[in-house]
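Q: Protein chains in written order, with our numbering: chain S, 1 to 403; chain R, 1 to 255; chain A, 1 to 328.
If you're looking for bench data, these hints aren't it; they were derived computationally from the structure.
This one's a predicted model, so the numbers in the text were calculated from it and none came from an experiment.
Some hints here could point you the wrong way.
Claimed, not checked - Distance condition first, Cα-Cα at most 20 Å in a straight line; then the derived EDC-like pairs of lysine to aspartate or glutamate:
(1) K325(A) to E239(R)
(2) K140(A) to E226(R)
(3) K24(R) to E276(A)
(4) K262(A) to E183(R)
(5) K132(S) to D27(R)
(6) K140(A) to E15(R)
(7) K376(S) to E276(A)
(8) K140(A) to D12(R)
(9) K50(R) to E107(S)
(10) K184(R) to E107(S)
(11) K184(R) to E142(A)
(12) K140(A) to E239(R)
(13) K132(S) to E15(R)
(14) K376(S) to E220(A)
(15) K132(S) to E16(R)
(16) K184(R) to E220(A)
(17) K132(S) to E279(A)
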Amino acid sequence: MINATAVLPCDVTWDTFVETDAGRNALSCIQCGMCAGTCPYGDAMDYPPRRLIAMWQAGLVDQVIRSQSLLLCVTCYACAAKCPRGIQLTQLLLPLVKALAFEAMPEVPAELQKALMNTLRYGNPMGESPRKRAQWADGAGVPVRVLPLDPKPVDVLWFVECYPSYHPRGIDNARATARVFHRLGVDFGILGPEEKCTGECARLAGEVGLFDALEEQNLKALSRCSFRRLVTTGAHAYDAFKHQYSCRGFARPVDHTVTFLAERLTEVKPLLHKKLNHVVTYHDSCTLGRHNGIFDQPRALLRAIPGVKLVEMVHYREGSLCCGGGGGGMWLDTYYKAKGLERLSERRVREAVAAGADVLAVSCPYEVSRFEDALKVLGYDQRMIVRDVTELLDESMGGMQSL
Amino acid sequence: MNTLVVLRMVPDVVEELVVDASGKALDSQWLRFILNESDEHALEEALLLKEQLGGVVTAAALDAPEVDDALFTAAAKGADRVMKVARPPDGAGAWAQAAIFARLASLSGYDLILTGVQASDELDGSLAPMLAAQMQWPYAGPVVAVRAEPAAREVIVECEVGGGARSEFRAPLPCVLGIQAAEKPPRYVAVSRLRQVMRTTQIAEVDASAEVPAPWVTVSTLRQPEVSARAEMLEGSLEEIAEQLATILAQRGIL
Amino acid sequence: MSEGSVWVLVERQDQKVSDVAFEVLGLGRGVAQALGEPLTAIVWGRQDRDLVMELSIADEVLFMDHPALHQPTPYTCAQALEPLLRQREPELMLVGLTNVTWGIGPYLAARLQWPYINFCCGLRVEDGQVLATAVLYGGKMEAEVRVPGRPTLVGVMPGALPAAREKRDRAPRVEEISPSLLEGQPMVEFRRVIQPETTDIDITAQEVLVAVGRGIQSQENLPMAEELARLLGGAVAASRPVVDQGWLPLTRQVGRSGAIVKPRLYLALGISGAPEHVEGMRNAQVIVAVNTDPRAPIFNIARYGVVADALDFMSAFAEAVQHRKQLA
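Using the sequences provided together with the hints, build the complete structure.
A: Below, the structure is given as structure tokens:
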């Protein structure tokens with residue numbers, strides 16, 4: 001079980017880590033190997049978590065930093081969840097070492113480099129114009145308030161994130177979310193062009209400087225708005241606000257769309273009038289699931305949809321298999337492929353199909369394109385579709401038709 | 001090896017470009033500038049040569065919006081000196097830049113000048129060959145590889161020809177090279193390192209005091225080309241479509 | 001004494017006139033006619049009767065032969081041309097913007113102190129004034145420019161204009177020039193041509209790419225794509241799902257996690273046009289998309305579209321191309 005809500009020291013560096021409780025705990029690792037055994041790319045790493053700690057204990061962590069091993073870590077929290085001593089692996093240890101390894105890297109893989117440079121310059125890894133970040137709202141079918149243009153106080157600040165703002169399949173989700181919020185009478189607004197990527201995945205890839213720069217910009221933009229709570233469509237953004245931004249003084253309640261909507265299940269349920277007739281399996285994302293313990297809420301929402309039969313994959317809840325998109329993995333597929341590694345999203349999709357589902361439901365924006373690609377490659381794209389939980393809710397509420 | 005790299009800031013086309021009220025220039029309201037892509041490669045090539053042969057790399061750029069970012073990044077990547085050159089009041093096309101940087105280069109003893117083989121806004125010329133002509137130095141481009149021996153007074157360069165083939169040339173030093181692509185992709189600078197460099201590095205500000213000729217070529221009208229939002233769909237039987245397409249491509253010189 | 005004539009530098013590769021040269025000749029012909037002036041073609045290398053007839057669209061063909069021009073650098077060409085241009089001062093001198101000839105115009109312009117217009121995609125004459133259209137910012141804008149007057153050098157964009165291969169009955173006047181490349185001047189010397197290793201093709205260096213997506217259905221259909229690519233003088237590329245299947249190596253992948261390509265022709269067969277793929281090829285000069293789904297996003301960025309099965313299309317198109325080649 002993961003210790004997700006433990007207080008994490010905000011200004012810990014690699015050098016001061018060993019003086020903290022978490023650091024001393026990490027050094028007391030008994031080398032059981034549960035972490036390496038559960039790590040999706042553990043076999044391929046020169047230094048899976050167990051060996052990393054052994055090297056650290058032996059004063060040889062420099063070798064780990066100079067290796068490329070940490071690029072294979074997709075920060076899925078599996079090791080941290082399995083560790084019998086509750087070592088804060090993905091929460092603290094790995095990001096600290098990854099940051100050092102990143103700085104020491106002679107060559108950053110091209111696709112990752114591009115994503116990071118784009119994020120610094122344009123606030124999103126795709127390299128799209130920041131001015132177009134709210135363009136998706138034109139096709140939502142409901143009004144979407146862009147707070148910098150309309151600065152009156154609002155109840156919910158909806159932090160949309162990059163994929164829902166720019167990627168065609170992410171935009172489908174953003175529009176569905178806007179409609180669901182509208183039907184529920186949620187008083188919401190977005191930052192629009194002033195919103196920047198939270199950079200949580202950049203941070204977990206080791207680019208801490210980029211994360212800090214984005215955090216500064218986002219906090220500034222947020223300080224100009226008056227809102228009571230923050231809800232985000234981004235699973236990694238959820239982590240950023242809940243566990244990192246809180247260190248810099250961000251003190252509002254933070255929700256992901258699924259937790260926010262699950263809280264309102266009694267209002268949501270009566271709106272779900274269309275029968276969907278799907279066998280749905282839900283993929284627990286690493287951040288919402290393993291890291292934050294959010295397992296029941298998305299399932300409650302899915303069960304509320306008429307005509308939905310929920311089935312579970314072999315690995316579910318805490319045991320869920322990572323899609324491979326975290327910690328920079330979203331932009332390292334070519335790098336992994338060149339090493340002959342199996343694409344994690346393909347492994348997961350096979351499980352979904354084996355579970356007998358025709359819909360793979362997700363709640364992290366990265367997962368949609370990763371799983372849709374995997375379905376195509378494996379030839380399952382006629383048998384199964386990928387939908388965000390909110391997309392399914394919107395569909396059952398009537399989609400664009402009933403507004 | 002004492003190398004000068006000339007960097008240029010060009011309009012960032014990620015933002016939508018809009019023509020201003022005069023109809024002759026870009027509207028500056030949302031206009032952003034980015035380092036010219038092949039200049040980034042030129043810098044990378046200079047740094048690779050320095051890693052092999054030692055020496056000093058100087059990165060210089062005309063004053064322009066966002067140029068400081070580009071110069072600090074160059075310093076963070078390993079440029080020994082970075083300098084910002086005063087921009088002439090009438091704007092600076094390739095002609096003017098060639099005059100300015102030729103003057104700048106003549107004030108120091110450079111062995112090699114690298115710059116990108118082209119820039120998207122060079123209407124009145126091309127900096128790399130014009131700079132070479134101004135300096136009366138040999139020129140080669142588009143260069144995709146550079147080799148040099150430490151003591152030798154020449155470089156061996158590979159230039160792209162087409163279809164993956166390359167021509168290899170020997171160019172005596174000093175010379176100007178128009179870089180198309182460095183042998184490795186331009187290196188990444190971690191944001192924390194960039195911020196550190198911004199705190200500790202000085203950008204030298206220089207006035208090249210060059211005689212800049214008045215521009216010959218000026219824009220009378222600037223406009224967006226007509227671009228349709230969708231493909232022209234070819235209709236008919238497959239044979240008819242195939243024939244139509246073959247004709248179209250032949251007319252365009254592709255067949 | 002200045003002559004009012006329009007000059008075109010004709011690029012010669014291995015005794016053959018390059019394709020782009022015909023585009024520049026077509027442009028030159030148009031503006032020469034509008035100005036009522038003769039068209040002169042300059043070619044480097046030895047005089048060749050067949051070549052002269054291929055260039056019969058010109059009124060005059062000048063051959064410049066010198067060993068250094070057999071594998072020229074822009075520097076060498078400019079040196080060879082400078083005295084000739086200084087002496088004869090044409091109205092306009094047009095040079096195609098190809099890898100080999102790119103630097104010639106600007107170098108000459110700086111040496112001769114003549115104006116130069118870059119990225120030109122069109123020339124027209126209005127009331128005796130020559131107007132040039134130039135492409136800026138990677139094609140995002142077009143600038144109209146008044147040609148400052150005689151003489152002016154113009155760099156012409158490849159692929160922007162139709163190739164003018166028509167021959168006339170009358171043979172052009174031929175002249176041989178012996179350029180005296182200055183002795184003792186530092187020279188850029190040609191050493192050798194490096195061919196790409198046959199085991200790996202660099203798709204970013206190809207002029208034509210036949211890109212296959214999932215619409216190709218199976219690995220067995222790849223030879224058809226390869227044959228089409230061969231006929232078109234290009235290579236086969238692929239979208240990610242095809243590479244993921246292992247049908248083609250990673251070196252052929254186009255897109256965000258593969259290569260960014262800018263060929264003259266990108267033929268997208270059975271590719272839907274996902275953003276990750278489009279990022280890799282949207283700057284190709286001509287994009288032709290073939291897909292069974294009329295709503296495939298690829299049709300939003302293609303220049304020409306065909307709603308058809310990729311395999312059926314390949315078959316029909318290969319035949320049409322074959323047929324045309326036989327006629328040529």
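Q: Please go over all the hints and tell whether each is borne out by the structure.
A: Each hint tested on the structure:
Annotation: proposed proximity of K325(A) to E239(R) holds, straight-line Cα distance about 16 Å (limit 20 Å). Distance hint between K140(A) and E226(R) is fulfilled; the C-alpha atoms sit about 10 Å from each other, no more than 20 Å. For the hint pairing K24(R) with E276(A), the CA-to-CA distance comes to about 35 Å; that exceeds 20 Å, so the pair is violated. Of the pairs offered as hints, the one joining K262(A) and E183(R) holds, with about 19 Å between alpha carbons and a cut-off of 20 Å not exceeded.
Of the pairs offered as hints, the one joining K132(S) and D27(R) holds, with about 18 Å between alpha carbons and a cut-off of 20 Å not exceeded. For the hint pairing K140(A) with E15(R), the CA-to-CA distance comes to about 11 Å; that is within 20 Å, so the pair holds. As the CA atoms of K376(S) and E276(A) are separated by approximately 15 Å, the hinted pair is consistent with the 20 Å bound. A threshold of 20 Å between alpha carbons decides the hint, and for K140(A) with D12(R) the separation of about 11 Å falls inside it, so the pair holds.
The hinted pair formed by K50(R) and E107(S) meets the criterion: a straight-line CA distance of about 17 Å does not exceed 20 Å. Distance restraint check for K184(R) and E107(S): the Cα-Cα separation of roughly 9 Å lies within the 20 Å cut-off, and the hinted pair is therefore satisfied. Restraint check for K184(R) and E142(A): not satisfied, since their Cα atoms lie roughly 33 Å apart, outside the 20 Å limit. Distance restraint check for K140(A) and E239(R): the Cα-Cα separation of roughly 35 Å exceeds the 20 Å cut-off, and the hinted pair is therefore not satisfied.
A hinted pair counts as satisfied when its Cα atoms are at most 20 Å apart, and K132(S) with E15(R) qualifies at roughly 9 Å. Distance hint between K376(S) and E220(A) is fulfilled; the C-alpha atoms sit about 18 Å from each other, no more than 20 Å. Pair hint K132(S) plus E16(R) holds up; C-alpha atoms about 10 Å apart against a cutoff of 20 Å. For the hint pairing K184(R) with E220(A), the CA-to-CA distance comes to about 35 Å; that exceeds 20 Å, so the pair is violated.
Between the alpha carbons of K132(S) and E279(A) the distance comes to roughly 17 Å, so the proposed pair stays at or under 20 Å and holds.
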